[in-house]
Amino acid sequence: MHPGVERGADVVSVAAPERPTGAADPTALPRLLQGAPLRSPADHLRVWGPLPRPRRAQLLAEVEAAGLTGRGGAGFPLAAKLAAASHGPAGTVVVNATEGEPVSAKDATLLAASPHLVLDGATAAAHATGAAAIVVCLKRSHAALARQVEEVVGLRRRAGLDPVRIQVTTAPDRYVAGQETALVRWLDGGEARPTTVPPRPTSRGVGRRPTLVSNAETLAHLALIARFGAAWFRSLGRPDAPGTTLATLSGDVRVPGVYEVPLGAPLGELIAAAGGDPAANGGVLVGGYFGAWVGPAAAAAPFCAAGLRPFGAAVGCGAVAVLPAGVCGLLETARVLRWLAGESAGQCGPCVNGLPAMADAFDAVVAGDPGGAAEAHLVRWAGMVERRGACALPDGAARLVRSALQVFAADAELHRRRGPCRPAPPVLPTPTPGGWR
Amino acid sequence: MPAGAAGAAHPDPGRVAVSRSRRLTVDPIACDGRGLCAELLPERVRLDDWGYPIIDPRPLPPALLGPARQAVVACPMLALRLRAVIEEPAARE
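These protein sequence lines map, in sequence, to chains A and B. Residue numbers are given in the numbering used here: position 427 of the first sequence equals residue 427, and the series is strictly consecutive. Residue numbers are given in the numbering used here: position 87 of the second sequence equals residue 87, and the series is strictly consecutive.
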């Protein structure tokens with residue numbers, strides 16, 4: 001039996017009623033959002049208890065055994081990153097809550113609902129890597145939330161919870177600003193544009209010291225692994241995709257918001273939990289703008305790397321955007337692709353040239369693409385830009401294009417025969433970009 | 001683990017094995033698509049539709065090492081690099 005999907009959408013505004021006696025139930029779902037909102041250190045400690053401080057090697061071994069992977073998008077194993085960042089001089093832990101993905105809200109929701117878990121995780125990561133500083137990074141448009149987190153940090157300092165000093169800062173609102181090298185460059189006083197690797201931040205990051213850049217949700221999971229251990233973490237999810245993940249449901253669902261689900265839960269079940277049609281045949285964008293469109297056949301697909309791979313998709317940052325029936329997926333993709341092209345940091349030739357060319361070609365597909373020349377160009381260019389940027393923006397654009405041409409093939413055929421569809425109000429948001437500093 | 005210890009056939013997953021072979025890489029930020037590399041080393045470099053180099057990632061055979069070095073030196077942006085082939089530990093999902 002599947003453990004089911006828990007609602008977490010309104011945790012920010014609704015007080016937790018079910019735990020009058022305090023201590024959290026580690027066997028329950030949700031995990032990260034349990035008991036929320038937990039703003040005061042006292043409330044947090046009442047629910048979760050203090051953060052244990054095992055020996056570094058023991059903590060690293062526990063994370064390794066837990067199999068926790070990054071929840072920011074790339075899915076890299078946290079244990080490997082912690083190990084890589086624990087050599088050399090004392091460095092920095094960067095809590096990445098920049099959440100540049102327009103259809104994701106999970107890091108902001110988590111920081112509003114249970115900031116102490118994120119900060120506990122950062123403290124545990126600093127302990128594991130021997131870091132001497134912690135920086136929490138949000139995006140500038142979340143300045144109010146950043147102030148709230150700063151207050152929480154102040155309360156924790158007075159309560160003596162954090163041996164390592166925590167700073168809170170806000171970074172530019174750019175899609176690639178949350179890419180870890182871009183964040184390091186910006187924290188060092190530069191522009192929030194990616195840099196070439198190697199060196200990776202784990203070997204040379206902020207102040208040229210080893211730097212662990214980790215997603216806010218990933219660190220919150222770490223805080224719970226430090227408390228309850230690897231076996232507990234693995235008691236939900238799948239052997240190849242352990243634990244829970246936060247998912248942001250948006251689009252054609254009755255209750256959009258952030259949900260906590262075991263990895264491997266069927267995608268359709270997740271959509272249904274948010275009040276959407278699990279067999280939504282308008283198309284579902286999985287993993288954010290960096291992700292892939294899937295059709296109704298993916299409703300039964302487990303929401304995890306192995307389950308989504310056959311559909312060319314990945315969990316990414318856990319964003320799931322359901323397109324309403326009757327909305328043109330080609331038109332939506334064309335708009336998002338144009339936005340992605342505008343989010344290029346303007347540094348790498350294949351991205352600077354390829355993404356606008358792909359956006360033009362996609363516009364041509366929307367316009368009807370007589371002869372199929374534009375579609376042929378799209379296929380060629382998707383292959384051409386892949387893995388050729390300093391960051392993975394071109395790869396994301398290529399994935400979006402390929403999946404759209406596949407999932408909306410019938411629509412493309414209609415456009416070819418009848419010309420473009422009528423302009424419609426946009427469904428997927430394309431926020432106005434900020435500067436680079 | 002001391003050199004030659006049992007299990008040496010299975011490299012420690014925490015370490016990387018650096019071999020003596022070399023491959024070409026390009027720093028995509030430094031590169032501005034002058035295209036000299038593709039002229040000097042067509043065996044390993046072709047240009048994309050916008051004039052930027054697409055590099056064959058395979059290790060270079062000994063016969064191409066000399067020409068590859070010349071291409072690296074000729075790059076006006078110092079964007080072309082010769083790197084030791086690093087056998088990364090198998091990536092996990």
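Just so you know, these hints were derived from the structure itself, not from any lab. Don't take every hint at face value.
Cβ-Cβ distance ranges computed for the label pairs, FRET-style [claimed, not checked]:
hint : chain 1 : residue 1 : chain 2 : residue 2 : range
1    : A       : Glu151    : B       : Val73     : 52 to 62 Å
2    : B       : Thr25     : A       : Ala57     : 50 to 60 Å
3    : A       : Glu151    : B       : Gly51     : 31 to 41 Å
4    : A       : Ala231    : B       : Trp50     : 49 to 59 Å
5    : A       : Ala376    : B       : Pro59     : 31 to 41 Å
6    : B       : Arg20     : A       : Arg46     : 29 to 39 Å
7    : B       : Leu78     : A       : Glu191    : 29 to 39 Å
8    : B       : Trp50     : A       : Pro54     : 50 to 60 Å
9    : B       : Pro57     : A       : Pro199    : 12 to 22 Å
10   : A       : Pro324    : B       : Glu43     : 47 to 57 Å
11   : B       : Pro76     : A       : Ala132    : 24 to 34 Å
12   : A       : Arg309    : B       : Pro57     : 14 to 24 Å
13   : B       : Gly51     : A       : Arg418    : 30 to 40 Å
Given the structure is predicted, the values throughout are model-derived calculations rather than measurements. Cβ atoms here follow ideal geometry from the backbone N, Cα and C, with glycine treated the same way.
Evaluation of the provided hints:
Between Glu151/A and Val73/B, the C-beta spacing of about 56 Å keeps the proposed range 52 to 62 Å intact. At roughly 35 Å, the beta-carbon separation of Thr25/B and Ala57/A lies outside the given 50 to 60 Å, and the hint is violated. The given range of 31 to 41 Å is broken by Glu151/A and Gly51/B, whose C-beta atoms sit roughly 52 Å from each other. For the pair Ala231/A and Trp50/B, the beta carbons lie near 52 Å from each other, so the given range of 49 to 59 Å is met.
Distance hint check: the CB atoms of Ala376/A and Pro59/B are about 33 Å apart, consistent with the given range 31 to 41 Å. The hint said 29 to 39 Å for the Cβ distance between Arg20/B and Arg46/A, and at roughly 60 Å that hint is violated. Between Leu78/B and Glu191/A the beta carbons are some 21 Å apart, a value that contradicts the proposed interval 29 to 39 Å. Hint check: Trp50/B to Pro54/A, Cβ distance near 52 Å, so the stated range 50 to 60 Å holds.
At roughly 20 Å, the beta carbons of Pro57/B and Pro199/A sit within the given window of 12 to 22 Å. Separation of Pro324/A from Glu43/B is about 52 Å and conforms to the stated range, judged on CB atoms against 47 to 57 Å. Checked against the hint of 24 to 34 Å, the pair Pro76/B and Ala132/A fails, with Cβ atoms roughly 41 Å apart. Our hint of 14 to 24 Å for Arg309/A and Pro57/B holds, since their Cβ atoms are close to 23 Å apart.
Our hint of 30 to 40 Å for Gly51/B and Arg418/A holds, since their Cβ atoms are close to 38 Å apart.
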